[in-house]
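J.: Take a look at the letters that make up each chain.
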Amino acid sequence: MDTIETIVRLVWLLGAVGFVIGLIQMNSPATARNGNLLSAGGMALAVVGTAVLIASGRAGEVGGLAWPIIGIGIAIGGGLGLYTARTVKMTAMPQLVSLFNAVGGGAAALIGIDDYIRLANVQTLVAGNPIPLETSIATVLDVIIGSVTFTGSLIASGKLMGIISGKPILIPGGRIVTAALAAIAVLGAGALFVGDASVPILFVIIAAALVFGVTMVLPIGGADMPVVISLLNSFTGTAVAMAGFVIDNPVLIIAGALVGASGAILTKLMADAMNRSVVNIMVGGFGGGEGTVGAVSGAGGSVREISPDDAAIQLAYASSVIVVPGYGLAVAQAQHGVRELAELLESRGVDVKYAIHPVAGRMPGHMNVLLAEANVPYPQLREMEEVNPEFDRCDVALVIGANDVTNPAARRPGSPVSGMPILDVDHARSIIVIKRSMGRGYAGIDNELYLNPKTGMLFADAKDGLASLAAAVKAL
Amino acid sequence: MNPELLAALTVFVLAILCGFAVISKVPATLHTPLMSGANAIHGIVLVGSMLIAAAADDLLSQALSLVAVAFATMNVVGGYVVTDRMLQMFRKKPTAAKPKAEAGG
Chain R
10 MDTIETIVRL
20 VWLLGAVGFV
30 IGLIQMNSPA
40 TARNGNLLSA
50 GGMALAVVGT
60 AVLIASGRAG
70 EVGGLAWPII
80 GIGIAIGGGL
90 GLYTARTVKM
100 TAMPQLVSLF
110 NAVGGGAAAL
120 IGIDDYIRLA
130 NVQTLVAGNP
140 IPLETSIATV
150 LDVIIGSVTF
160 TGSLIASGKL
170 MGIISGKPIL
180 IPGGRIVTAA
190 LAAIAVLGAG
200 ALFVGDASVP
210 ILFVIIAAAL
220 VFGVTMVLPI
230 GGADMPVVIS
240 LLNSFTGTAV
250 AMAGFVIDNP
260 VLIIAGALVG
270 ASGAILTKLM
280 ADAMNRSVVN
290 IMVGGFGGGE
300 GTVGAVSGAG
310 GSVREISPDD
320 AAIQLAYASS
330 VIVVPGYGLA
340 VAQAQHGVRE
350 LAELLESRGV
360 DVKYAIHPVA
370 GRMPGHMNVL
380 LAEANVPYPQ
390 LREMEEVNPE
400 FDRCDVALVI
410 GANDVTNPAA
420 RRPGSPVSGM
430 PILDVDHARS
440 IIVIKRSMGR
450 GYAGIDNELY
460 LNPKTGMLFA
470 DAKDGLASLA
480 AAVKAL
Chain B
245 MNPELLAALT
255 VFVLAILCGF
265 AVISKVPATL
275 HTPLMSGANA
285 IHGIVLVGSM
295 LIAAAADDLL
305 SQALSLVAVA
315 FATMNVVGGY
325 VVTDRMLQMF
335 RKKPTAAKPK
345 AEAGG
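In the order they appear, the protein sequences are chains R and B. Going from the first sequence to the numbering used here is simple: count from 1 and add 9. Going from the second sequence to the numbering used here is simple: count from 1 and add 244.
Just so you know, these hints were derived from the structure itself, not from any lab. Where hints are given, some of them may not hold.
Listed next, the stretches of chain R that the computed footprint assigns to chain B, with coverage defined by at least 3 CB atoms under 8 Å from CB atoms of chain B [what the hints assert, rightly or not]: (1) 28-39; (2) 53-61; (3) 70-82; (4) 237-249; (5) 253-267.
Positions of the beta carbon are idealized from the N, C-alpha and C atoms, including for glycine.
In isolation and in its complexed conformation, chain R is listed as follows:
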């Protein structure tokens, strides 16, 4: 190893340090942005170091078209990435993350494919299998995980964009198809491990993995997509680490393993907050997305409807209001509307806070991003543990498009939401719920909160409901 290669390897190490410290700095809102910039700096260092390594001829003989390929690839990918990332609406952000995840997984799979074809070609010149077992294992894992992530993330993204139905799509004999695909991939992998190198077998494995990604995500409901995207993010990290083993590159291994671990933790946190296991979600759970099932039956109490004018009076003469935003607010893109209403109330001396359930919106923390986009002051956002005792002292709880996370049934055993941490909305003196209909949340059960005598239901789309409330408050 000469000086230049040593320096490049040290630069890669420095890049990896940037990733780790960057993630540590993302612990706190105050340093998070710096952390991301540090991580981006680490990435820039690693890429420039790689370019130096290639230019100095230390990455092996450089092909004639190497620089045009790298230049054109970076121009196309960078342009598309920059354009989509800068123009996307914040509500559409989860599907974009999923799309970036798909292409990352695709790139990792392509590295494994390219390397394998190169090595397998040597076989025609030399007798016997020229590919060491450890390389075969890493390659097969890389292409399988990368391919599953590629199609799986595209489907997840399509579901969130509404291109593909958000409802669970049941494939006839789906379980058998999925099991057959897994069996093909495992058998193919076994053949490559013990037999000769074979590009056709590798392509059979890839085809099975690509279809597997589709059949894995299609039956899962749109409301579960955040968990799926998080899981696939973890998969991509693992695929990238495997690609690192294939081409023997330490920085790919470090960064890939970091992301693999982070994605796994995040996936578990998200599933825990919904009181579901990751396995339960992946097998295609009980849910069918927001409001897909019928209305509450009359049994057990009656629903009190409230007009925007009455609701406005309650809000305007309260001393403390806690807003509970949910999935419905995110879907209706009503974050600006809620901020306007809150500012109107504040100008009348009402104390307004926001109660953020860990899984409010479409991803953990998604609601914070949406509200921050609408310029809601960050100190007004309260996390669940912090805000729950405050409901006892609060005059009005304004629930906007949130359902299961407010259902008191979660405190008792025997309900699908049992044990799920909820916001103690029913402890408030009165409750106003803005909701399109009596439809159920994705847990598919009725919400007892709506039958509470303290609760007034304002049936409207979150955006329209907030606009009529704001108009009514102004008119007071």
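Chain B: place on chain R using the hints.
T.: Using the frame of chain R, we list chain B on its own:
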């Protein structure tokens, strides 16, 4: 098992433990930006894509590596830019928020 593979495995396992340790401390509020930031980090696959592009000497390899470089760059650039956009909104804006509140009232 050769020494290089052993060293790579060591790095792999330690990096996984490091990832667990770092992530478990992040508050729920920052989970979406974190996920997006981690998503950008696996764009490191760009380094690998550039290396296979450098070695590409036949049409198939060149085509595969071109797609890989484009995919990986999209992952890197898009990932960091969208994360930065999210985090930009998290900064406290006491001076910006107040005048708007008055204008709204």
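J.: So, for every hint listed, does it hold in this structure?
T.: Cross-check of the supplied hints:
Only residues whose beta carbon comes within less than 8 Å of a beta carbon in chain B count, and the stretch 28-39 of chain R has 9; three or more means the coverage holds. Counting residues of the stretch 53-61 of chain R whose CB lies closer than 8 Å to any CB of chain B gives 4, which reaches the minimum of 3, so the coverage claim holds. Here the stretch 70-82 of chain R counts 10 residues with a CB under 8 Å from a CB of chain B, which clears the bar of 3, and the coverage holds. Check on the stretch 237-249 of chain R: 6 of its residues sit with their Cβ under 8 Å from a Cβ of chain B, so the three-residue criterion for coverage holds.
Coverage of the stretch 253-267 of chain R by chain B holds in this model, with 14 residues showing a Cβ closer than 8 Å to a Cβ of that chain against a need of three.
Checked against the numbered hints listed earlier, the structure breaks none of them; every hint is satisfied.
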